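2 protein chains.
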Amino acid sequence: MLLSLKLTQPFIIYNFNFALGSRYVSKTATKTVSEFEYDAPSMKTAVPGPKSQELLRQLGEIQNVGAIHFFCNYEESRGNYLVDVDGNRMLDVYTQISSIPIGYNHPALMKVMTNPNNVSAFVNRPALGILPPENFPDKLIESVLSIAPSGMTRVQTMACGSCSNENAFKTMFIWYRNKERGYANPSEQEVGTCMINQSPGCPDLSILSFMGAFHGRTLGCLATTHSKVIHKLDIPSFDWPIAPFPKLQYPLEEFVRENAQEEARCLEEVEDLIVKWRQKGKPVAGIVIEPIQAEGGDNHASPDFFIKLRNIARKHGCAFHVDEVQTGGGTTGKFWAHEHWGLDDPADVVSFSKKLLTGGYYHRDELQPDKPYRIFNTWMGDPSKNLFLSEVLNVIRRENLLEEVTRSGKTLLQGLYALQTQYPHILSRARGQGTFCAIDACNDATRDSIMIKARNKGLFMGSCGEKTIRFRPTLVFKEYHVHQLLNILNDVLAEHK
Amino acid sequence: MLLSLKLTQPFIIYNFNFALGSRYVSKTATKTVSEFEYDAPSMKTAVPGPKSQELLRQLGEIQNVGAIHFFCNYEESRGNYLVDVDGNRMLDVYTQISSIPIGYNHPALMKVMTNPNNVSAFVNRPALGILPPENFPDKLIESVLSIAPSGMTRVQTMACGSCSNENAFKTMFIWYRNKERGYANPSEQEVGTCMINQSPGCPDLSILSFMGAFHGRTLGCLATTHSKVIHKLDIPSFDWPIAPFPKLQYPLEEFVRENAQEEARCLEEVEDLIVKWRQKGKPVAGIVIEPIQAEGGDNHASPDFFIKLRNIARKHGCAFHVDEVQTGGGTTGKFWAHEHWGLDDPADVVSFSKKLLTGGYYHRDELQPDKPYRIFNTWMGDPSKNLFLSEVLNVIRRENLLEEVTRSGKTLLQGLYALQTQYPHILSRARGQGTFCAIDACNDATRDSIMIKARNKGLFMGSCGEKTIRFRPTLVFKEYHVHQLLNILNDVLAEHK
Chain D
7 MLLSLKLTQP FIIYNFNFAL GSRYVSKTAT KTVSEFEYDA PSMKTAVPGP
57 KSQELLRQLG EIQNVGAIHF FCNYEESRGN YLVDVDGNRM LDVYTQISSI
107 PIGYNHPALM KVMTNPNNVS AFVNRPALGI LPPENFPDKL IESVLSIAPS
157 GMTRVQTMAC GSCSNENAFK TMFIWYRNKE RGYANPSEQE VGTCMINQSP
207 GCPDLSILSF MGAFHGRTLG CLATTHSKVI HKLDIPSFDW PIAPFPKLQY
257 PLEEFVRENA QEEARCLEEV EDLIVKWRQK GKPVAGIVIE PIQAEGGDNH
307 ASPDFFIKLR NIARKHGCAF HVDEVQTGGG TTGKFWAHEH WGLDDPADVV
357 SFSKKLLTGG YYHRDELQPD KPYRIFNTWM GDPSKNLFLS EVLNVIRREN
407 LLEEVTRSGK TLLQGLYALQ TQYPHILSRA RGQGTFCAID ACNDATRDSI
457 MIKARNKGLF MGSCGEKTIR FRPTLVFKEY HVHQLLNILN DVLAEHK
Chain S
7 MLLSLKLTQP FIIYNFNFAL GSRYVSKTAT KTVSEFEYDA PSMKTAVPGP
57 KSQELLRQLG EIQNVGAIHF FCNYEESRGN YLVDVDGNRM LDVYTQISSI
107 PIGYNHPALM KVMTNPNNVS AFVNRPALGI LPPENFPDKL IESVLSIAPS
157 GMTRVQTMAC GSCSNENAFK TMFIWYRNKE RGYANPSEQE VGTCMINQSP
207 GCPDLSILSF MGAFHGRTLG CLATTHSKVI HKLDIPSFDW PIAPFPKLQY
257 PLEEFVRENA QEEARCLEEV EDLIVKWRQK GKPVAGIVIE PIQAEGGDNH
307 ASPDFFIKLR NIARKHGCAF HVDEVQTGGG TTGKFWAHEH WGLDDPADVV
357 SFSKKLLTGG YYHRDELQPD KPYRIFNTWM GDPSKNLFLS EVLNVIRREN
407 LLEEVTRSGK TLLQGLYALQ TQYPHILSRA RGQGTFCAID ACNDATRDSI
457 MIKARNKGLF MGSCGEKTIR FRPTLVFKEY HVHQLLNILN DVLAEHK
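Just so you know, the sequences run in chain order D and S. Per this note's numbering, the very first residue in the first sequence carries number 7; after that it's consecutive. Per this note's numbering, the very first residue in the second sequence carries number 7; after that it's consecutive.
Among the hints, erroneous ones may be present.
Pairs count within a copy or across copies, as identical chains cannot be separated in the list.
[Claimed, not checked] No more than 27 Å apart at the CA atoms, straight line, and that leaves these computed lysine-lysine pairs for BS3-like:
1) 288 <-> 314
2) 416 <-> 459
3) 377 <-> 459
4) 145 <-> 459
5) 377 <-> 57
6) 321 <-> 416
7) 234 <-> 288
8) 145 <-> 314
9) 314 <-> 185
10) 145 <-> 117
If you are wondering where the hints come from, they were derived from the structure by calculation, not from laboratory data. Being a predicted model, the structure only gives us computed values, none of them experimental.
Isolated chain D (complex conformation) (with noise of 0.2 Å):
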């Protein structure tokens, strides 16, 4: 068990050890009595080390390993700290993407595998959509449906983001379609055409979605996936309209009115572009978007805006499909993003995947595909992923562990404004939802200067968008590893040219 600290004065603390300079582990971070972590970050070797090059090597003879930061010893590896097979211990507060929801080997997850009645999920991986087991019904219940959002009752898990939102997209184009032709049988034309790729039966419709968003790289997922030129170059697309995305300055509430006016214009654009695109014969079946633009740079914008764009959507009869891939799972305080909004009803779709370890969709009833074999491939989600996200959630819930994250996470941020008052020549734009936090360097070479030199001391962070560090912590990142960051990141800065 992980021990709450209540540190009421973060802020303090900080600018005191800021002034101290160069210890990146901070004598203030009271030790956890968890019996599982470790106390701090521990550093042998500059990363990646010799082993992970050796490694590195390898493995280039068999994938592109461009994208690799370093070979992991996950065995060795506990909580909030990942350990590298050079022997460096770093807390981590990037979390394979954001997929790691209560830190790594935690008991309650290690015990699923010794349980016996857990066996048969992992050794016979069944075909969900044609032979589920006996307790699929329960488990479901269990585990994702227990904190389905408000309103819905309909969930259809999948392997992974991207499956997620293709499949999602595919219910938004079927109910639309089913509207358009009042329920009736296809046409023997639709029937017809269908089988090859042409319209009506492949109707030519489209999805709205936001520049800078990022909603997967398959092809469907990719036509709706706006944040780098490295996502998109060269791959087939869709002509679908792209709304701009509220450009917002920070700390949000000392620009509430110029956010307001930008809201407004991006909201106006939607409109514009949903007529537009019906105009051209492709109208909008659903529109995507994310709570927070996550890959495209951490960019928020109000719940004013998220509400008037749900009404937008109802309006023209689009479907809302909120992409919670990276924000649900209580990384903002709440269990789902969308529900900082104060809508009871916000959504027509929700996917879920990453930190709930399993893909997949929330739905409303009336976009329950008509007849079987529409939504359906192999696997439909895995069972024993249900089981480890089972476990998570009863770790949630007894650790209070939202609560914990709105209160690290207010320490995180206020950490950060601190950070950036300090060097304001390097960093800006600290905003955050929890301990969804981010920052801006100045630059991108300066921003990826940084994040190297931070690896180095032991704390490994994300990037996103062209110049911003993103903080995607564990549920289980309590206050005094909100020291631990903020002092190895003030060290960073202090040696910082």
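With chain D's structure known, arrange chain S on it following the hints.
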């Protein structure tokens, strides 16, 4: 260990049994000595039984359950026998849509779960593209790379078949555009347009596929899938060329001349389409094909057809992608179905999933993406699946399962020939390679009726195409299992009105 039986005259034995009528467990089927398997089917209720029906009602509150056959007791299932929640034990020759390689609860796979060295791979799912585990190169070498098709040393794992094909397509598009631009950096115009889904950054490239093909159901894959209306209706698609797949007459050896003509016709059409789409400004970057069209109705073509197709691809500068998602893993008697073609170097890309437990694709060196993050997603596969695959491969080698498959497959096909001779008004077009066999019913209603009656007698089969029964048994499907299958089928046919 399963005993390898060598019945040398199964054909005569069947005919004798068929005359005896209604026993559905053959007395000629010698008992298995397997430590873990059952002897024979054992039926207690009609299927779905009352417990399955109650669970269907429960799951119906959460999902569309129209495709569900029954609920399973996977704990009690063993080897080739699938046990349902009502205590019915069926000989399973559909195997979770062809995805169970060595039977249910195989002891070798159970051991993976109890080995403490493996726990971390299940509990800490890594982002393989950035932070692979120490043993990742070794595990790739001992699992997927140990069975790499000739000439292929590079592999990328993925979570499922659709993701594998989507990323294989992307790999071909990237390769094709790099060739076109002479491996120079992309132009400013390409960089700018790709972010808004427009050409030339998102180029109008195409993948040539075949009528009747199935390559998955995400939007890219679905544009190359043309097997059933229910897969395609209402989903936007790409204007990509679709060639006819040869409609051959069976048995292949009796219609060599006619089939060669049909194949020549299709190949001519392929070349015409490549030229036509180039003229349309949508050049064909790759050709994707299954060695045996599975979902589309178990349609075969000759090695000569594939060799010529491969040459056409080379001639026109298109990549050649062999989709072995269903045919791979040993079920045709060779590990890869395309090895039957007798070419050393048949493909640029070979994709897999299902029986390999992990998805992925092999590719030639020159299709390696030139930069990191071009082919990328959060998980990039799942190392825990590679652990199971290694054990599956050990069992295949230790027990010479590919030879077993060849032997069982011959017995099965001979038996199907005997049945269609005996019931020519009901059955026709028996065909197969290894145990990857199929037979057609006179129409879909008859096919469906045969399948339901067989299920109630303890034989669970799959369907494909319009009126085809497909056989997709495990690799531990022995000759005595074939006898059980044929006897049940014979009993059903004898009773058929």
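Here's how the hints hold up against the structure:
| no. | hint | result |
| --- | --- | --- |
| 1 | 288 <-> 314 | within (23 Å within a copy, 40 Å between copies) |
| 2 | 416 <-> 459 | within (25 Å within a copy, 64 Å between copies) |
| 3 | 377 <-> 459 | between (55 Å within a copy, 24 Å between copies) |
| 4 | 145 <-> 459 | neither (44 Å within a copy, 31 Å between copies) |
| 5 | 377 <-> 57 | between (53 Å within a copy, 23 Å between copies) |
| 6 | 321 <-> 416 | neither (37 Å within a copy, 62 Å between copies) |
| 7 | 234 <-> 288 | both (25 Å within a copy, 24 Å between copies) |
| 8 | 145 <-> 314 | neither (36 Å within a copy, 50 Å between copies) |
| 9 | 314 <-> 185 | within (23 Å within a copy, 46 Å between copies) |
| 10 | 145 <-> 117 | both (17 Å within a copy, 25 Å between copies) |
The structure fails hints 4, 6 and 8 (numbered hints given earlier, in ascending order).
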